[in-house]
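Engineer: From first to last, the protein sequence lines stand for chains G and X. Numbering of the first sequence is given in this note's numbering, commencing with residue 11 and proceeding in unit increments. Numbering of the second sequence is given in this note's numbering, commencing with residue 99 and proceeding in unit increments.
For the record, the hints were derived by calculation from the structure and aren't laboratory data. Please note: incorrect hints may appear among the correct ones.
Listing some non-contacts, in silico: residues in chain G with all C-beta distances to chain X over 10 Å [unchecked claim]: (1) Val21; (2) Ile26; (3) Met27; (4) Lys37; (5) Leu95; (6) Ser99; (7) Asn121; (8) Asn134; (9) Glu146; (10) Tyr159; (11) Leu165; (12) Arg182.
Taking lysine to any residue pairs in the SDA-like style, the calculated list, with each CA pair at most 20 Å apart, reads [claimed, not checked]: (13) G:Lys37 to X:Asp376; (14) G:Lys37 to X:Gln476; (15) G:Lys180 to X:Lys357; (16) G:Lys180 to X:Leu343; (17) X:Lys195 to X:His169; (18) G:Lys37 to X:Glu435; (19) G:Lys180 to X:Gln437; (20) X:Lys357 to X:Pro301; (21) X:Lys510 to X:Gln437; (22) G:Lys37 to X:Ser341; (23) X:Lys312 to X:Tyr395; (24) G:Lys180 to X:Ala345; (25) X:Lys477 to X:Arg278; (26) X:Lys195 to X:Ser216; (27) G:Lys37 to X:Glu449; (28) G:Lys37 to X:Gln437; (29) X:Lys477 to X:Tyr395; (30) G:Lys180 to X:Leu346; (31) G:Lys37 to X:Phe373; (32) G:Lys108 to G:Leu123; (33) X:Lys357 to X:Leu371; (34) G:Lys37 to X:Arg445; (35) G:Lys180 to X:Lys195; (36) G:Lys100 to G:Met116.
Yeah, the Cβ is synthetic: ideal placement off N, Cα and C, and Gly gets one too.
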Amino acid sequence: MADFNIRTDAVDVEQIMRQIRARIQSKRGVDYTEEQIQELANVKLERFLDPKGVRSDLVEQFKRARDRKLEPFQPEQYSVDANDLYGSSKAPVRLLRKLFRPILKMLLNANRLVQVLHQQSELNRVYEKQFHLLREKNQQRDEVDTLYYELVHNLVLELTRVGIENRNLKMRLESLSSRMDFDERRARALETVVQYRPGSGPSREAQPARPRQDDRPYPQPQPQQPGAGATLAFQPAPGQPTTGEAGSGEQAGESSTARRRRRRRRGRRGGRGRTPGETTAIDTAGTEIGSPADSATPPHGDPTGDAALDDGFDNDEGPAEAGHYQDDSGDDDEPDPSAQ
Amino acid sequence: MKLAVVVQRYGADINGGAELHARYVAEHLAQHARVEVLTTCARDYVTWRDEYPAGIEQVNGVPVRRFRVDHERDVNAFARWSGRVFGEQHSYLDELKWLDAEGPKSSSLLTHLRSAQSDYDYVIFFSYRYYHAYHGVKAVSSRAILVPTAERDEAIGLGISPRIFRGVRALMYNSPEEKRLIESVSHNQDAPGVVVGIGSEIPERPMPERFRQKFGITGRFALYVGRIDQNKGCSELFSFFLSGLQALPRGLRLVLIGKENLPVPEHPRIHHLGFLDDQDKFDALAAADLLVMPSYYESLSMVALEAWALGKPVLANGRCEVLRGQCIRSRAGLYYETQAEFIETLRAIAESRRLNAAFAANGREFFRQNYAWPVIEQKYLDVLARLREDDARQAAVQGMDPEPGWLAKRRKALPPASDVLAELPSGPVLN
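Please model the complete structure; the sequences and the hints are all you need to start from.
Structural biologist: Next comes the structure, spelled out in structure tokens:
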């Protein structure tokens with residue numbers, strides 16, 4: 011938590027409350043009221059946690075919907091003319107109808123009736139055709155629906171997964187920010203503890219402590235010192251002779267194996283995260299092993315890479331720090347070219 | 099000068115807010131005047147059952163005259179009348195019946211007041227909302243001084259309340275918020291009103307380590323002192339504390355002191371110590387990192403003042419306008435309304451040493467300037483002196499408004515008290 015800059019006579023409680031509310035808003039992202047948040051939280055929880063809220067027969071219902079096919083529709087086709095109206099299979103009836111035909115024609119317009127029935131017959135034919143088309147389309151739709159179902163199903167799964175991951179990331183972010191806060195506070199506390207006295211500069215330099223970032227000169231190539239120090243600081247490229255190699259090939263081999271072991275251990279640690287205490291421990295180890303001479307950039311290889319790290323080089327600057335974390339999370343199974 | 103202090107209950111073993119307030123004031127004014135306490139024989143504020151013997155006794159050197167209560171409180175009748183006058187259109191008579199149902203009704207006390215009023219120069223009434231205040235002020239309004247101890251509840255919206263506020267010679271308020279509330283409901287700006295509050299006897303050297311050893315409390319903790327009750331906001335406090343545990347400062351515990359009317363959650367970081375005596379309470383305050391006041395309604399929180407006196411910051415419920423106003427004015431505490439605010443304010447107080455130090459210094463100063471006993475006593479004495487001057491000049495005394503006539507008293511013309519309350523201004527008074 012960021013500290014408040016306070017003077018006793020100038021404490022403004024309302025101002026502090028505004029700061030606190032601003033902090034809460036920035037954490038939330040959106041300025042929801044407490045009631046809105048509760049409502050949202052309740053809705054989500056109900057949907058996900060309450061089994062009553064989930065349709066357990068969703069799949070069955072979907073299948074049933076798919077099974078509901080259109081019934082075959084094949085209306086009887088017919089044609090109507092005047093003979094159909096007045097004709098009959100029985101001769102006396104046919105005769106009588108023929109006799110009374112003029113009277114019937116006088117009483118009603120049978121031709122119009124025939125015409126309408128004919129039109130209806132045509133309409134039936136058109137509808138039947140359209141029905142067949144519809145049926146084909148429906149079949150196609152069923153197939154697409156199956157795909158939609160799978161798609162929605164997968165989307166829900168992915169969304170859930172993303173939601174959970176999002177929550178995890180948020181928690182991780184909170185954890186990291188709290189660690190950062192802790193480190194900041196610790197740094198501030200340490201700064202306040204250290205007493206700087208005028209004229210104590212040379213004695214500080216004489217101390218074996220790690221050089222401060224501000225005090226450290228820019229890295230410049232320095233001549234390699236023969237001996238163990240050179241072996242620690244320098245990782246040869248494949249096939250290149252080194253000063254250390256000239257000193258002792260066996261020692262170099264041991265150092266390489268030891269380095270690999272250390273890197274594997276870090277790799278394993280990297281998987282579970284690192285507490286501030288662990289970081290401090292590593293930094294301290296670096297301070298003990300490394301010397302100002304060791305901090306020189308090796309003539310071959312990446313100064314932010316494994317060589318500097320494996321040698322216990324502790325660099326507070328950005329790239330080295332990044333290299334540090336990359337190394338922790340890297341895959342140790344891959345061969346290290348610098349170690350070959 | 100002879101003063102009478104009239105209060106609903108009185109006793110060394112009674113720790114209710116207004117009653118304790120009355121006792122402290124009586125004991126301190128007894129150093130400057132002859133003080134007699136007029137009260138009932140009741141000890142329990144729910145039933146008003148006569149438990150003390152009637153007659154005169156001495157409590158911490160102050161004579162106390164006790165009178166019998168006419169009847170115990172019928173809780174159902176009281177609830178019924180409360181529902182009517184708070185929630186419905188009602189008559190003046192309904193309010194008088196509500197007052198009768200609330201109690202403690204003591205006709206003998208009123209008779210004594212009427213008959214012996216000339217024996218007292220002034221009569222100081224505590225708690226406007228009880229039977230003795232309305233009828234007592236009506237009986238001796240020319241000598242009445244009121245310590246209203248008003249909270250933002252429906253009773254202040256009743257038609258009888260403004261008559262009491264307008265009918266007294268002076269009012270001794272607990273907070274600026276209370277003064278504004280009463281002035282806006284009764285328009286009694288003519289009556290002299292002073293924000294006084296109450297002091298507290300703070301021990302010179304509280305012993306936090308003694309408390310820690312006695313109760314086995316280690317580490318940092320936030321303290322709550324008071325009745326553990328739903329109305330005091332304790333259930334919200336438990337909810338906020340338990341659901342925000344991960345975000346709270348590491349190892350911070352919640353220690354509760356007071357009678358348990360609400361089940362306290364069983365959790366390793368919550369400790370309920372029960373009712374403690376004053377020494378333990380002050381030692382606990384000295385050992386605590388901060389005091390939490392989750393109450394929604396307070397006219398004045400004595401324990402908050404005690405915390406400030408001991409240099410402890412207060413985290414108050416922001417919905418209680420009095421506590422919120424006190425935090426702002428004292429510059430010695432923060433307030434919360436939501437869970438997120440509860441967590442962040444708690445962290446701000448518990449983790450920021452600079453803020454904590456500033457709050458501690460401001461709290462001590464706030465108490466010293468406003469709530470040290472010499473300051474409180476002087477305010478009372480100033481008001482009494484002013485009234486004496488007015489009496490010497492034979493200035494006109496307004497007195498209580500006459501009661502409405504027989505018909506008007508029965509006419510259901512008064513709005514629901516809750517509606518009146520909703521119209522009153524709210525929020526802390528900053529100036």
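Engineer: With reference to the structure, classify each hint as holding or not holding.
Structural biologist: Quick rundown of the hints versus the structure:
Consistency note on valine 21 of chain G: stated as away from chain X, yet its beta-carbon is not over 10 Å from all of that chain's, at 4 Å minimum. With a closest Cβ-Cβ approach of about 6 Å to chain X, isoleucine 26 of chain G is found to fall inside the 10 Å limit, against its non-interface label. At roughly 7 Å, the least C-beta separation between methionine 27 of chain G and chain X is not larger than 10 Å, which violates its mark as non-interface. In this structure lysine 37 of chain G is not separated from chain X by more than 10 Å, as the shortest Cβ-Cβ distance comes to only about 8 Å.
The beta carbon of leucine 95 of chain G sits about 83 Å from the closest Cβ of chain X, which is more than 10 Å, so the claim that it is off the interface holds. Distance to chain X confirms serine 99 of chain G as a non-interface residue, since its nearest Cβ pair spans about 89 Å, more than 10 Å. Its beta-carbon lying about 82 Å from the closest one in chain X, asparagine 121 of chain G satisfies the requirement of being farther than 10 Å from that chain. Separation of asparagine 134 of chain G from chain X is adequate, the least Cβ-Cβ distance of about 70 Å exceeding the 10 Å criterion.
Every beta carbon of chain X lies more than 10 Å from that of glutamate 146 of chain G, the smallest distance being close to 58 Å; the non-interface claim holds. Chain X leaves tyrosine 159 of chain G outside its interface by the beta-carbon criterion, the shortest separation being 39 Å against a cut-off of 10 Å. Listed as a non-interface residue, leucine 165 of chain G keeps its Cβ farther than 10 Å from every Cβ of chain X; the least gap is roughly 32 Å. Listed as outside the interface, arginine 182 of chain G is consistent with that label: its C-beta sits roughly 14 Å from the nearest C-beta of chain X, beyond the 10 Å cut-off.
Between lysine 37 of chain G and aspartate 376 of chain X, the direct Cα distance comes to roughly 42 Å. Violation of the 20 Å bound is thereby established for this hinted pair. A threshold of 20 Å between alpha carbons decides the hint, and for lysine 37 of chain G with glutamine 476 of chain X the separation of about 49 Å lies outside it, so the pair is violated. Of the pairs offered as hints, the one joining lysine 180 of chain G and lysine 357 of chain X is violated, with about 41 Å between alpha carbons and a cut-off of 20 Å exceeded. For the given pair, lysine 180 of chain G sits about 17 Å from leucine 343 of chain X by alpha-carbon distance, which is consistent with the 20 Å threshold.
The straight-line distance between the Cα atoms of lysine 195 of chain X and histidine 169 of chain X is roughly 13 Å, inside the 20 Å bound, and the hint therefore holds. For the hint linking lysine 37 of chain G to glutamate 435 of chain X, the alpha-carbon distance of about 17 Å falls within 20 Å, and the restraint holds. Only pairs whose Cα atoms come within 20 Å are accepted, and lysine 180 of chain G paired with glutamine 437 of chain X is accepted, the gap being roughly 19 Å. A C-alpha spacing of about 23 Å is found between lysine 357 of chain X and proline 301 of chain X, which places the hinted pair above 20 Å, so the restraint is violated.
Straight-line distance between C-alpha atoms of lysine 510 of chain X and glutamine 437 of chain X comes to about 43 Å, which puts the hinted pair past the 20 Å bound. Taking the CA atoms of lysine 37 of chain G and serine 341 of chain X, the gap is near 17 Å; set against the 20 Å cutoff, the hint holds. Distance check on the hinted pair: lysine 312 of chain X and tyrosine 395 of chain X sit about 32 Å apart at the alpha-carbon level, beyond 20 Å; violated. The hinted pair formed by lysine 180 of chain G and alanine 345 of chain X meets the criterion: a straight-line CA distance of about 14 Å does not exceed 20 Å.
Distance check on the hinted pair: lysine 477 of chain X and arginine 278 of chain X sit about 19 Å apart at the alpha-carbon level, within 20 Å; holds. Among the hinted pairs, lysine 195 of chain X with serine 216 of chain X is inconsistent with the structure: their alpha-carbon atoms are about 29 Å apart, more than 20 Å. Distance hint between lysine 37 of chain G and glutamate 449 of chain X is fulfilled; the C-alpha atoms sit about 19 Å from each other, no more than 20 Å. Of the pairs offered as hints, the one joining lysine 37 of chain G and glutamine 437 of chain X holds, with about 14 Å between alpha carbons and a cut-off of 20 Å not exceeded.
Note on lysine 477 of chain X and tyrosine 395 of chain X: the hinted pairing is violated, with a Cα-Cα distance of about 25 Å set against a maximum of 20 Å. A hinted pair counts as satisfied when its Cα atoms are at most 20 Å apart, and lysine 180 of chain G with leucine 346 of chain X qualifies at roughly 17 Å. Simply put, lysine 37 of chain G and phenylalanine 373 of chain X have alpha-carbon atoms about 40 Å apart, too far for the 20 Å limit, and the pair is violated. For the suggested pair lysine 108 of chain G and leucine 123 of chain G, the alpha carbons sit about 18 Å apart, so the restraint of at most 20 Å is met.
Between lysine 357 of chain X and leucine 371 of chain X the CA atoms are separated by roughly 9 Å; this keeps the pair inside 20 Å, and the hint holds. A threshold of 20 Å between alpha carbons decides the hint, and for lysine 37 of chain G with arginine 445 of chain X the separation of about 15 Å falls inside it, so the pair holds. Distance restraint check for lysine 180 of chain G and lysine 195 of chain X: the Cα-Cα separation of roughly 59 Å exceeds the 20 Å cut-off, and the hinted pair is therefore not satisfied. Restraint check: the Cα-Cα separation between lysine 100 of chain G and methionine 116 of chain G comes to about 24 Å, which exceeds 20 Å; the hinted pair is violated.
Hints 1, 2, 3, 4, 13, 14, 15, 20, 21, 23, 26, 29, 31, 35, 36 from the list above are not met by this structure, while the remaining hints are.
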